[in-house]
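Visitor: Letter 157 of the sequence shown, counting from 1, is numbered 618 in the numbering used here, and no numbers are missing.
In case anyone wonders, no lab produced these hints; they're calculated from the structure. The C-beta atom is built at its ideal place from N, Cα and C for all residues, glycine as well. Hints may contain errors.
[Claimed, not checked] As a list, the in silico EDC-like pairs of lysine to aspartate or glutamate whose alpha-carbon atoms are at most 16 Å apart:
hint: 1; residue 1: Lys595; residue 2: Asp564
hint: 2; residue 1: Lys595; residue 2: Glu628
hint: 3; residue 1: Lys595; residue 2: Asp618
hint: 4; residue 1: Lys622; residue 2: Glu640
hint: 5; residue 1: Lys622; residue 2: Glu565
[To be verified] Pairwise CB distance ranges, derived in the manner of DEER restraints:
hint: 6; residue 1: Gly482; residue 2: Arg513; range: 19 to 27 Å
hint: 7; residue 1: Gly639; residue 2: Asp518; range: 24 to 32 Å
hint: 8; residue 1: Ile688; residue 2: Arg546; range: 52 to 60 Å
hint: 9; residue 1: Gly602; residue 2: Gly578; range: 49 to 57 Å
hint: 10; residue 1: His655; residue 2: Arg532; range: 25 to 33 Å
hint: 11; residue 1: Leu599; residue 2: Gly555; range: 51 to 59 Å
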Amino acid sequence: MGPCLRPGARAGAGVEFRLLGGVEARSDAGPVELGPARQRTVLAALLVDANRPVPVDQLADRVWADGPPHRATQTLYGYVSRLRRLLPGVIARGPGGYVCTVDEEMVDVYRFHRLLGAVRQADDDARAVALFQKALALWRGEPFAGADTLWFNTVRDTRQKERWAAELDCADLRLRLGEHTALLALLAGHSTAHPLDERLAAQYMLALYRCGRQADALAHYRHLRGILRHRPRAGPSAPSPSNPRRGHGAEPHRAPGSPTGSRTCAHGCADHRLARRGHRRRTRRPDAVPPAPRRPGFRRPGRRARRAGRPAVRRLTRGHRNPGRHRRGRQDGAGGAVGAPDA
C-alpha cells in the first residue's frame, strides 16, 4: 500500500471503498485520508445504503444513537462537507437526505454479496469454491471497525453471520471435492473459536476420519456430545454431529470428488444431515392438534409398572372372559378339592 494522501487531496475517479474491516477508501493515486473516526463512521453509514438517500436525522442516529452531541446536526454537516471535499462527486444532498453515489462493484460489501449470488449459478463445485474463496478474501477484519452504535452493531452482526455461513458452505464443497487434508488445520482453528457449532463439528470430525485419525474424531464427538447434553436449547439448531463410527451422511469411505447429490445449503452447497445417536425426537406437524393436558396430580405409569401389573390383571379377569370355565381348586390335606362344586 502506497503512502497516504495528505488531508484535502482529491481522490479522483474510480475510488474503491472498503468496509469489511476498517473503513478505508483507495483511489488510483493511493489511499485517501478520510479524517477522524467519527467522520469515517459517517461515510460508512452512507455507503451501507449506497445510491439511496439517507435522511439527516436517520444518519445522525446511525452515527451517535442515544449519545448525540449538543449540536449534532451542525456537526454532521461539518463531517459531510469535509468528506465531499475529499471525495468529489461522491456525496450529494437531495430532498430525501444525503446520497452516496458510487459503483456498487467498488464497495467490498456489495462485491461480497454479488460473489455469493454467483455461487448459486456455478455449474460445478470447483467453480463454486473459487467464488467462495474470492468473496471471503475481501474480509480484512471486523466490519466497520471503530463504529460502536446500535445500528452499526446490528449491521455488523448480520455481515458476520453471512461470512460464517459462506465459510461453512465452502468447507462443505471442499470436503466433497476431497480436500480434507488441506482443510484440517482450518477446521481445527474454527473448532477452537466456535466449540458449540454443531455443523462445524461434523465437518471437523469428517475431515479427521478421512485423514485416518478415527480416534481423534471419536474423541471430539464424545467431547462435544458431553457439552451439548448439558446445554439448554431455546429452539432448533444446526444439524447435530453424528458418531464418526457410524458415519451418518458423512460418507467417510467415498472416493474424493465423487458426486453426492444436489447442493441444498444457503449458498447452494450440500449440508451434512447428521443426527445425534440417542437424541432423535418425534416431531409434530405445525398444524397438528396438540394433546389434551393431563389432570393435575396425574402421572402415567411407566412401561415397567404397566408390564408388572399385567399378570395380576389376567388372573383377575380370567373368569370373566370365560364364565363357564372354573379353575380347579387346590387339594387340601384330606384329598378333597377346595372350592369344587358339589356333585
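Visitor: Take the hints in turn and mark each one as holding or not.
Guide: Here is what the structure says about each hint:
This hinted pair does not check out: Lys595 and Asp564 have alpha carbons roughly 19 Å apart, beyond 16 Å. Proposed proximity of Lys595 and Glu628 is supported: the alpha carbons are some 12 Å apart, at most 16 Å. Our distance criterion of 16 Å between C-alpha atoms is broken by Lys595 and Asp618, whose separation comes to about 21 Å. Proximity of Lys622 to Glu640 is assessed by CA-CA distance (about 24 Å); at most 16 Å being required, the pair is judged violated.
Distance check on the hinted pair: Lys622 and Glu565 sit about 21 Å apart at the alpha-carbon level, beyond 16 Å; violated. The supplied range of 19 to 27 Å is met by Gly482 and Arg513, whose beta-carbon atoms lie about 23 Å from each other. As the Cβ distance of Gly639 to Asp518 is approximately 55 Å, the hint placing it in 24 to 32 Å is violated. The beta-carbon spacing between Ile688 and Arg546, approximately 55 Å, falls within the hinted interval of 52 to 60 Å.
At roughly 24 Å, the beta-carbon separation of Gly602 and Gly578 lies outside the given 49 to 57 Å, and the hint is violated. Between His655 and Arg532 the beta carbons are some 44 Å apart, a value that contradicts the proposed interval 25 to 33 Å. In this structure the supplied range 51 to 59 Å is violated for Leu599 paired with Gly555, their Cβ-Cβ distance being about 29 Å.
Hint violations for this structure: numbers 1, 3, 4, 5, 7, 9, 10 and 11, all remaining hints satisfied.
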